[in-house]
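Novice: Sequence:
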Amino acid sequence: MRKPDKLSLHPGLRLWSLPFNAKAHPIVWIGLAVTILAVDFLTGPYVQVAILFVVPVALATWNHGWLWGSLVAVALPLVRLLARL
8 MRKPDKLSLH PGLRLWSLPF NAKAHPIVWI GLAVTILAVD FLTGPYVQVA
58 ILFVVPVALA TWNHGWLWGS LVAVALPLVR LLARL
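Residue numbers (the numbering used here): 8 to 92.
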């Protein structure tokens, strides 16, 4: 019998694996990033949605590693800047 974890809800259930069992396909976080960029562009400078960029970066990092997360984290503000020019 396995020894239960300190943060477990049940002896066979780990807390940190509950909502994150499946990996998000890259199309999901790329689509989310494009949607956030479009909303940011359409709302103009009066509504700030840049904080939402954290969500696709977190999904990319969680599911595909720090390299993809870093690339998305650098690409989103660059695309946002180029769209405003």
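Derived from the structure by calculation, the hints contain no laboratory data.
Treat the hints with caution; some may be incorrect.
Computed spacing ranges between beta-carbons, pair by pair [claimed, not checked]: (1) V54 to K30: 16 to 24 Å; (2) L49 to L74: 26 to 34 Å; (3) S77 to A45: 21 to 29 Å; (4) Y53 to W73: 30 to 38 Å; (5) H32 to Y53: 20 to 28 Å.
Beta carbons are placed, not taken as given, at the ideal position from N, Cα and C, and that holds for glycine.
Novice: The structure should be examined with respect to each hint, and the outcome stated for every one.
Specialist: Status of the hints after comparison with the structure:
1. V54 to K30: 16 to 24 Å: Distance hint for V54, K30 is violated at roughly 32 Å.
2. L49 to L74: 26 to 34 Å: 30 Å, holds
3. S77 to A45: 21 to 29 Å: 23 Å, holds
4. Y53 to W73: 30 to 38 Å: Holds, at about 34 Å.
5. H32 to Y53: 20 to 28 Å: Since H32 and Y53 have Cβ atoms about 34 Å apart, the given range 20 to 28 Å is violated.
Going down the numbered hints, you'll see the structure goes against 1, 5, while the others check out.
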